[in-house]
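K.L.:
Chains as they are written, first to last, in the working numbering: chain Z, 1 to 133; chain G, 1001 to 1232.
Honestly, the hints are just simulated from the structure, not real lab data. We put the CB at the ideal spot given by N, CA and C, even for glycine. Among the clues, some could well be false.
Each computed PhoX-like pair below joins lysine-lysine, with the alpha-carbon atoms no more than 25 Å apart [to be verified]:
| no. | chain 1 | residue 1 | chain 2 | residue 2 |
| --- | --- | --- | --- | --- |
| 1 | Z | Lys58 | G | Lys1005 |
| 2 | G | Lys1182 | G | Lys1154 |
| 3 | G | Lys1154 | Z | Lys58 |
Residues from chain Z shown here face chain G by an in silico Cβ test under 8 Å; the list is partial [stated by the list, open to error]:
| no. | residue |
| --- | --- |
| 4 | His2 |
| 5 | Gln35 |
| 6 | Val37 |
| 7 | Asp39 |
| 8 | Gly53 |
| 9 | Glu60 |
| 10 | Ile64 |
| 11 | Arg97 |
| 12 | Val120 |
| 13 | Glu122 |
Taking CB as the label site, the calculated pair distances span [as the list claims (entries may be wrong)]:
| no. | chain 1 | residue 1 | chain 2 | residue 2 | range |
| --- | --- | --- | --- | --- | --- |
| 14 | G | Arg1202 | Z | Asp78 | 35 to 43 Å |
| 15 | G | Lys1005 | Z | Asp55 | 16 to 24 Å |
| 16 | G | Arg1003 | Z | Asp51 | 19 to 27 Å |
| 17 | G | Gly1208 | Z | Ala71 | 52 to 60 Å |
| 18 | G | Val1067 | Z | Glu117 | 27 to 35 Å |
| 19 | Z | Gly20 | G | Val1067 | 44 to 52 Å |
| 20 | Z | Asp78 | G | Asp1193 | 21 to 29 Å |
| 21 | G | Leu1173 | Z | Val37 | 41 to 49 Å |
| 22 | G | Arg1059 | Z | Glu12 | 34 to 42 Å |
| 23 | G | Glu1055 | Z | Asp55 | 50 to 58 Å |
| 24 | G | His1002 | Z | Glu75 | 46 to 54 Å |
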Amino acid sequence: MHELSLSSAIVETALRHAEGQSVRSVQMRVGRLRQVVPDSLAFYFEVVSRDTGCDGAKLELELIDALLRCAACAEEWDPAPRPAEDEGDLLPPPRFRCPSCGAGGAEVARGEEFEIESIVVEEDAPAAQGAAS
Amino acid sequence: MHRAKIKVTEDALDANTTIAHANRADFDRASVRVVNLMSAPGAGKTTLLEAALPEIRARVGVLEGDVQGSLDADRIAALHVPVTQLNTDNGFGGDCHLDANMVRAALPDIPLDEIDLLVVENVGNLVCPAEFRIGEDAKAMVCSVTEGEDKPLKYPLMFRICELVVVNKIDLLEHLDFDLDKFLHNVEAVNPDAERMLLSARTGEGVGAFRDWLAGVAERESSVAVADPDLS
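For reference, chain Z alone in the conformation it holds in the complex (with noise of 0.2 Å):
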């Protein structure tokens, strides 16, 4: 549901970028700290285009890792690592607390991101007889 309604807000952008051109593709840059699930909105996003000038594009993720700043001390880190391929599929909870002090309260240096970064559009042919819309 999350990804529903996330995505009718990334079509109604997307539209309003393309001034009634038919959008081919959107880029996007997606934080991993958003909680969103690429293939739920990749599926929603089909879904919601439907009938649009987004009917058929291509949602391109660029998922970025998430980088948090020790208020206190400035250590950086991820706070969910993601793991490595001969570890399997299952997270460890995320770490916002500071590995190196302890301290609470970190602030999100990266992986917020919710940005659309671009669109590729198709101009419609001028003068196409019976073209569909």
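Fit chain G to the known structure of chain Z by using the hints.
P.N.:
Frame of chain Z; chain G shown alone:
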């Protein structure tokens, strides 16, 4: 076939944020402060409001967000508190959160002249409501002890954006394995600045502190300039 790349560089939720700012401006004009109250389903938001709103030293209105129906609004209306119901059912089965546009649509139905504080009871959900600003001055959440002490680590975004974390149903602690210290430790790891309140909406224990907090928000200066520097 001619394709062109258009640079956008825009947060996909900017449109929502813009509407949230418009809501905030309208609330400010009416001198109404707004609390966005969030939780998982069943954490006890409505029960907490039922316990806290009588005897509060502020003129309070409630905006109830639900997927369907007016069950919660009916409970609040029984307290003779002005309440506006907002249903998010949109043909997709209902949105799982309130966004700025829904609140904007409800504005004409809210008696802003008669209140100093609007409590927006969001749709029960620990994920989506955290993403969408609605034009609030303060975000607060309720977490009940039956939900488990791992929730701050599982839903860090929600716990990070709230200035107040209410721990509800503490009357049940003696029956549960819930480790309160571990829970508070997890809250602190994610958001050390969050104010924490332990209470039971059912027995009334600790509810006074929440009532005072709400009244305190009603007396705040507009937080536009302070908390939201990107507004100007």
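K.L.:
Against this structure, judge whether each hint is valid.
P.N.:
Hints, one by one, checked against the model:
With a C-alpha separation of about 13 Å, the suggested pairing of Lys58 of chain Z with Lys1005 of chain G holds against the 25 Å cut-off. Distance check on the hinted pair: Lys1182 of chain G and Lys1154 of chain G sit about 14 Å apart at the alpha-carbon level, within 25 Å; holds. Under the criterion of a C-alpha separation no larger than 25 Å, the hint pairing Lys1154 of chain G with Lys58 of chain Z is inconsistent with the structure, at around 30 Å. For His2 of chain Z, the interface hint holds, the least distance from its beta-carbon to any beta-carbon of chain G being 5 Å, beneath 8 Å.
For Gln35 of chain Z, the suggested interface contact is upheld, since its CB lies about 6 Å from the closest CB of chain G, less than 8 Å. At a threshold of 8 Å, the smallest CB-CB gap from Val37 of chain Z to chain G is about 11 Å, leaving the interface hint violated. The criterion of a C-beta within 8 Å of any C-beta in chain G is not met by Asp39 of chain Z, whose closest approach is roughly 16 Å, and the hint is violated. At a threshold of 8 Å, the smallest CB-CB gap from Gly53 of chain Z to chain G is about 13 Å, leaving the interface hint violated.
The interface hint given for Glu60 of chain Z is violated, since its Cβ lies 12 Å from the closest Cβ of chain G, which is over the 8 Å cut-off. A hinted interface residue such as Ile64 of chain Z counts as satisfied when its beta carbon comes closer than 8 Å to some beta carbon of chain G; here the least separation is about 13 Å, so the hint is violated. Because the closest C-beta pair between Arg97 of chain Z and chain G is about 4 Å apart, less than 8 Å, the hint holds. Interface hint at Val120 of chain Z: satisfied, since its Cβ lies 5 Å from the closest Cβ of chain G, which is below the 8 Å cut-off.
At about 5 Å, the closest approach between the beta carbon of Glu122 of chain Z and any beta carbon in chain G falls short of 8 Å, and the interface hint on this residue holds. The supplied range of 35 to 43 Å is met by Arg1202 of chain G and Asp78 of chain Z, whose beta-carbon atoms lie about 41 Å from each other. Range check, Lys1005 of chain G to Asp55 of chain Z: Cβ separation about 19 Å, and the 16 to 24 Å hint holds. For the pair Arg1003 of chain G and Asp51 of chain Z, the beta carbons lie near 21 Å from each other, so the given range of 19 to 27 Å is met.
Judged by the Cβ atoms, the range 52 to 60 Å given for Gly1208 of chain G and Ala71 of chain Z is violated: they are separated by roughly 33 Å. Distance hint for Val1067 of chain G and Glu117 of chain Z: a CB-CB separation of about 33 Å, consistent with the stated range 27 to 35 Å. In this structure the supplied range 44 to 52 Å is violated for Gly20 of chain Z paired with Val1067 of chain G, their Cβ-Cβ distance being about 34 Å. The hinted window of 21 to 29 Å between Asp78 of chain Z and Asp1193 of chain G holds, with their beta carbons roughly 22 Å apart.
For Leu1173 of chain G paired with Val37 of chain Z, a C-beta distance near 34 Å fails the hint of 41 to 49 Å. Judged by the Cβ atoms, the range 34 to 42 Å given for Arg1059 of chain G and Glu12 of chain Z holds: they are separated by roughly 36 Å. Checked against the hint of 50 to 58 Å, the pair Glu1055 of chain G and Asp55 of chain Z passes, with Cβ atoms roughly 55 Å apart. Remark: the range hint 46 to 54 Å for His1002 of chain G to Glu75 of chain Z is upheld by a beta-carbon distance near 50 Å.
When each numbered hint is compared with the structure, violations occur for hints 3, 6, 7, 8, 9, 10, 17, 19 and 21.
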